[in-house]
Amino acid sequence: MTSKLFLALLLLPFSGLAQDDPAGVDMLDTAVVVVAPPTSVIAVDHKYDKGERIDLTWVPSIDDQLVEGKVLAYRIYRIVNDGGPQLVADVATGVGPYQYADEDLHRDSIYSYYVAAVSSNYEAASTRTAPMSPQREWMNLDRKWLFLIALIVGGSVLLFITAARRGTKLFVRKIAGLEAVDEAVGRATEMGRPILFVPGIRDMDDVQTLAALTILGRVSRVIADYDTRIFMPTSRSLVMTAGRETVKAAYQAAGRPDKYSDDMVTYYTDEQFGYVAAVDGVMVREKPATVFLLGAFFAESLILAETGNYIGAIQIGGTARPAQLPFFIAACDFTLIGEELFAASAYLSGEPMQLGSLKGQDVGKAIAMIAIIVGAVAITIGEAWDVEFMHDIVTWLSGVFSTR
Amino acid sequence: MEAFFEHFRLWLAAFLTLGIFSFLYKDNPWYKLTEAIFVGISAGYWFVVLFWDNFHGKFWVGAGEYSINWVVAKLTGAQAPPPPDSSIDFMLWVGAFLGLLMLLRLVPKIGWISRWPLAFIVGSTGGLWLINYFASNVMVQAQATMVPLFSSAFGTGFDQNADAVIGALIIFLGTFSGLVYFFFSKAHTGVFGGTARVGVFFLMITFGASFGYTVMSRMSLLIGRIDYLLGDWLGMIK
Amino acid sequence: MTTRTKELIAVAAILVFALIFYIGRVSGWQATEFSTGTSIVVVVLLLASLLWMLALTIRGRLIGRRVVFLYVGVAVAMPLFMKLSQEMPVSLAVLGVYDAVMELQPGSKVLIACDYDPPTAPELQPMAETFIRLCFQRDLKIIIMGIWPQGPQQANLALEKILAEPEIAAKNLEYGIDYVNLGFQAGNEFVIQRMGGSFKSMFRTDYGGIPYDDLPLVRNVRNFSNIDYCFNLSSGFPGTVEWVQIAVDRYGVKLGAGNTAVQAPTVYPYLSAGQLTGLLGGMSGAAEFEIAADARGKGTKYMLSQSVSHIVVIAFVIIGNVAFIMSGRRSALKG
Amino acid sequence: MRREVPLLITAVVGITFVVKYFVPHFPFNRMDAWFADWFSIVQACAIVLGALNLLKLSALKVIGQKSGWGYALVIILSFMLITVIGLAEGSDYRDPGTSFDWLYVNMFIPLSATMFSILAFFVASASYRAFRARNYEATVLLIAAFFVMIGRVPVGDVITGFMPEGYRFSDLAIWIMDYPQTAGQRAIMIGIGLGVVSTSLRVILGIERAHIGTGD
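Chains as they are written, first to last, in the numbering used here: chain A, 1 to 404; chain B, 1 to 238; chain C, 1 to 335; chain D, 1 to 216.
One or more hints might be untrue.
Result set (BS3-like, lysine-lysine): computed pairs, CA atoms no more than 30 Å apart in a straight line [as the list claims (entries may be wrong)]:
1) B:Lys26 - D:Lys66
2) A:Lys47 - D:Lys56
3) D:Lys61 - A:Lys169
4) B:Lys26 - D:Lys61
5) C:Lys83 - B:Lys186
6) B:Lys109 - D:Lys61
7) A:Lys287 - B:Lys26
8) A:Lys47 - C:Lys171
9) B:Lys26 - C:Lys171
10) B:Lys238 - A:Lys287
11) A:Lys50 - C:Lys6
12) A:Lys259 - B:Lys109
13) A:Lys169 - B:Lys32
14) B:Lys109 - D:Lys56
15) C:Lys200 - B:Lys238
16) A:Lys287 - D:Lys56
17) A:Lys287 - D:Lys66
18) A:Lys174 - B:Lys32
19) D:Lys61 - A:Lys50
Derived contacts from chain A toward chain B, CB cut-off under 8 Å, selection only [stated by the list, open to error]:
20) Pro131
21) Val394
22) Ser402
Don't read these hints as lab results, they were simulated from the structure.
From the three backbone atoms N, C-alpha and C, an ideal C-beta is built for every residue, glycine too.
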């Protein structure tokens with residue numbers, strides 16, 4: 001310790017040369033600012049990773065706790081396999097918590113650390129941590145509850161599907177927006193006008209696009225039966241490709257493969273508003289009788305829905321983006337709200353197997369609802385009357401539902 | 001020449017801006033022209049961006065160039081390039097392979113192979129989001145709703161307490177009844193239907209509030225465009 | 001006269017109008033600014049016309065959607081000519097950003113992450129300008145970057161404008177020493193994550209292609225620990241949410257943010273949890289920030305248009321409902 | 001073969017990505033990043049299909065002199081213009097001063113910003129037409145929207161200036177956003193989460209298979 005102080009004093013006259021270090025400038029007219037080192041430096045293996053990270057925590061220097069601005073930063077030093085200390089990082093003070101995650105380590109090396117408190121011209125090092133190596137784990141046990149609950153929900157989807165396959169009758173309530181699909185397609189047939197299907201503006205890596213395509217499969221089956229025209233402009237090439245496969249399959253299933261043409265599904269541009277400009281143009285020129293707006297929509301939702309409303313089309317909108325739902329509600333005749341978008345394809349198919357999956361979703365909702373009630377009641381009783389048992393329930397429940 | 005370009009630039013942007021605005025009156029040749037330009041320019045823009053950023057920037061720089069150089073060096077007997085550093089990731093070849101399969105669509109006879117990369121993307125999208133959505137939407141939101149309905153932490157006086165109690169009750173009831181609305185297994189009748197109706201009210205408040213919130217900010221875009229027309233172009237305002 | 005002729009005349013009139021003013025502008029006409037009196041008259045006229053529409057509606061004559069469109073256009077345009085300034089209190093969220101900047105020592109390094117594009121510039125550009133000006137006034141060093149391709153371009157526009165202002169120009173700020181634009185890096189939130197390890201790994205060169213190590217300002221900046229304050233301008237994903245989750249939660253960065261009004265509600269929870277030091281939300285946030293920094297600019301000017309347009313929307317909701325009730329609760333809007 | 005292989009791929013890849021979430025070990029820990037990279041490369045390849053489709057359709061219109069063929073020609077020309085310039089410019093195509101940047105700033109930006117700003121007009125017409133007290137639900141929506149709208153403009157607080165602080169329109173707006181709005185949002189989000197689980201499962205298990213097309 002004293003040798004360090006001596007060194008610092010020795011270097012004092014020269015340290016002013018470090019021009020771009022603002023602390024270095026102060027140094028010339030102040031004495032050495034001695035600070036106490038941080039204490040209780042602890043290095044632990046980061047749990048549930050592949051063995052490449054060690055987490056460090058420490059108790060800040062007493063000078064940091066008492067005087068603001070005295071300790072400027074903490075320096076983390078790492079010693080690998082008995083080598084010399086390497087400076088790994090500077091951690092700013094005052095932002096707490098006092099911790100650092102050392103990443104990109106190797107499982108076969110041995111690491112030891114120390115942390116130094118740095119003042120404007122002095123560095124106080126802590127003791128070294130015990131040498132250790134990062135460990136790797138195969139399973140992230142932090143997520144065991146998530147796994148279990150997901151398994152229950154997923155399992156009940158499967159269970160109901162198998163039950164339906166065996167012939168169990170499943171009841172599913174009416175969903176207004178979906179009841180209207182047949183009518184909407186029929187109307188287009190009567191009027192001899194096309195049907196416009198807009199699958200949102202996201203690519204195939206969004207589940208809402210997947211949901212839109214599954215609905216497209218059902219809708220285009222009905223369209224093929226009615227022998228009406230469908231037009232689907234897309235803003236992504238992959239969606240165009242998948243859309244063509246979907247529509248083609250529906251026409252084949254309806255026994256009318258000759259009626260299908262690739263021109264039913266076209267790509268315009270990836271640009272959000274370029275696509276909107278084109279679709280708006282299609283709407284006012286082709287005057288579709290029915291417009292489906294299903295998938296992931298952003299700011300363009302209202303532009304499309306208002307134009308559709310203006311041309312007098314029946315509109316069925318649906319998205320899982322809560323911010324855009326009000327616009328569909330304002331301008332569409334029927335709106336599929338969030339979950340209903342995902343339920344639509346199963347509902348429209350009317351196949352018992354598909355309906356089974358909706359029952360599985362209900363199990364998930366039931367779990368969530370029970371958890372909410374139990375959690376809220378337990379925490380309320382626990383807080384109001386300080387019941388130890390209730391506290392335990394709450395701690396356990398939030399542990400279960402935590403997804404760290 | 002430069003001065004000409006400066007004038008041309010301002011007029012071009014104004015011409016396009018007014019062309020789009022003319023759609024508000026009705027569909028017309030000016031809008032059709034602007035729309036065609038927009039579709040062409042933006043499709044081309046994304047073509048170029050995806051080529052340079054995704055194909056060149058990711059694949060070619062990250063793996064393709066190195067691999068090809070290496071193969072060429074091996075074939076010609078020249079000196080092989082130095083061993084790859086951390087910026088080279090041969091896994092990118094998988095992406096290129098999938099992309100190539102996708103392009104087979106252009107060959108009618110074997111176009112069906114393009115379903116493989118499609119199946120790959122659909123599968124990974126499904127698998128990836130299945131758990132992610134479940135964790136962040138279901139688990140986290142359910143956990144967040146487990147709040148005390150009344151508690152000493154809310155404050156001591158009745159009036160401070162009342163606010164917090166009502167707030168907590170509303171969140172609890174709203175979430176619960178909203179979930180009841182989404183239940184598919186039971187018709188909306190009786191007590192169940194009543195709760196579902198409460199849920200609908202909460203959903204409507206949610207939509208109303210988000211509408212009110214969003215509406216207000218949409219105006220700023222128009223302000224920006226009008227500022228361009230009247231300020232940058234015509235110089236009528238500062 | 002047929003409709004077609006009328007339409008052609010209208011287009012011709014717009015063209016002539018534009019030509020006159022364009023030639024005027026080129027030959028040095030001054031910008032028009034309404035005096036306070038005129039401004040008040042215009043505002044009164046706008047309000048009166050709204051009342052008139054209401055009266056028409058009550059008498060059973062419904063207005064068409066083109067009238068609504070025209071009205072919105074005029075209502076937004078007129079305030080841009082006005083000199084009226086709105087009084088508004090500066091909210092705590094906005095003060096949070098201002099105070100954080102004021103607390104920084106001269107020479108501190110500020111990272112400005114520009115994650116937005118031109119369509120949202122009306123809201124975010126005034127924030128960027130005010131923030132950059134404030135930093136330069138306080139002698140702070142600015143490092144600009146973006147994970148939206150067009151963000152750093154927008155930042156350059158702001159820099160250009162601020163550096164041309166006499167007060168800032170007098171400081172003779174130098175690129176590379178006082179400010180740096182590292183440009184855009186693809187990779188969304190992963191960029192932030194990797195910056196936690198090393199900035200240089202993500203930005204090998206700056207916007208103009210100068211190698212990272214040749215820029216004196218950032219040469220010694222290894223990662224977030226060398227940054228004193230970070231300000232994120234964001235209009236969506238990836239943006240403030242990702243910056244909070246990665247830069248703040250994992251690397252302890254001090255972060256302030258400017259958001260579009262659409263996005264602001266999703267970010268509010270981070271503000272109340274202290275993960276953000278402050279938040280400028282939408283046009284009003286921009287205007288308040290300008291007032292706090294004592295530099296009234298576009299944000300304040302736009303805010304007047306914004307307020308008028310809000311009143312118009314609310315008025316149309318009321319008129320629409322009156323029409324609805326008057327018409328015996330039938331839907332009503334003519335094409 | 002044509003139908004089974006894609007179904008198998010979907011199932012295997014889907015299950016792998018689910019497992020990934022629970023296994024921190026290589027290669028699972030890298031899969032997110034890989035998928036993002038692969039997807040962007042596939043996107044870059046796929047846009048060739050989209051662009052060719054757009055050009056083909058437009059070219060057919062021009063050749064057949066169908067109605068609006070002039071506009072189709074404009075699509076082809078403007079596409080070619082920016083693509084040729086962008087590709088010729090090299091990987092620094094985006095830098096300021098390039099021709100690509102000029103097209104971007106003076107054509108692309110005005111176009112997309114203006115199309116976006118059309119929204120302001122539609123917001124007004126939608127407010128005028130759609131937000132009516134048709135029934136109880138619509139009335140609730142209208143009232144919530146009204147309070148939040150008015151609470152977000154300074155005028156709102158001027159009107160309720162006589163009320164003590166904390167009870168003005170802006171406070172009401174914040175209250176609505178914080179409580180009823182949050183509650184509704186949560187119910188929607190939980191529903192969406194479960195909907196995604198079930199849709200993904202159906203896709204992975206091959207119950208939903210439209211996107212894969214048919215046997216030939």
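**Message:** What's the verdict on Lys174 of chain A and Lys32 of chain B, does the C-alpha distance respect the 30 Å limit or exceed it?
**Reply:** violated (42 Å)
**Prompt:** Do the alpha carbons of Lys287 of chain A and Lys56 of chain D lie within 30 Å of each other, as the hint requires?
**Reply:** Satisfied, since the Cα-Cα distance of roughly 24 Å is no more than 30 Å.
**Message:** Given a cut of 8 Å on the nearest C-beta pair, is the interface hint for Val394 of chain A held or broken against chain B?
**Reply:** Interface hint status for Val394 of chain A: holds (7 Å vs cutoff 8 Å).
**Prompt:** Is the straight-line distance between the alpha-carbon of Lys238 of chain B and that of Lys287 of chain A 30 Å or less?
**Reply:** The given pair, whose Cα atoms are some 43 Å apart, is violated under the 30 Å limit.
**Message:** Ser402 of chain A was flagged as interface toward chain B. Is the shortest Cβ-Cβ separation under 8 Å?
**Reply:** holds (7 Å)
**Hint consistency between Lys26 of chain B and Lys61 of chain D [alpha-carbon to alpha-carbon, up to 30 Å]** = Holds - the C-alpha atoms of Lys61 of chain D and Lys26 of chain B are around 24 Å apart, at most 30 Å.
**Request:** Take the C-alpha atoms of Lys26 of chain B and Lys66 of chain D, compute the straight-line distance between them, and say whether it is at most 30 Å.
**Result:** At roughly 22 Å apart (the allowed maximum being 30 Å), Lys66 of chain D and Lys26 of chain B satisfy the hint.
**Asked** Are Lys50 of chain A and Lys6 of chain C close enough, with their CA atoms no more than 30 Å apart?
**Response** It is violated: about 74 Å lies between the C-alpha atoms, which goes past 30 Å.
**Message:** Does Lys56 of chain D sit within 30 Å of Lys109 of chain B, going by the straight-line distance between their CA atoms?
**Reply:** holds (19 Å)
**Request:** Sort out whether Lys186 of chain B lies within 30 Å of Lys83 of chain C, counting only the CA atoms.
**Result:** violated (61 Å)
**Request:** Assess, step by step, whether the Cα of Lys200 of chain C is no farther than 30 Å from the Cα of Lys238 of chain B, and give holds or violated.
**Result:** violated (41 Å)
**Message:** What's the verdict on Lys169 of chain A and Lys32 of chain B, does the C-alpha distance respect the 30 Å limit or exceed it?
**Reply:** The given pair, whose Cα atoms are some 54 Å apart, is violated under the 30 Å limit.
Checked against the numbered hints given earlier, this structure breaks hints 2, 3, 5, 8, 9, 10, 11, 13, 15, 18, 19 and 20; the rest are met.
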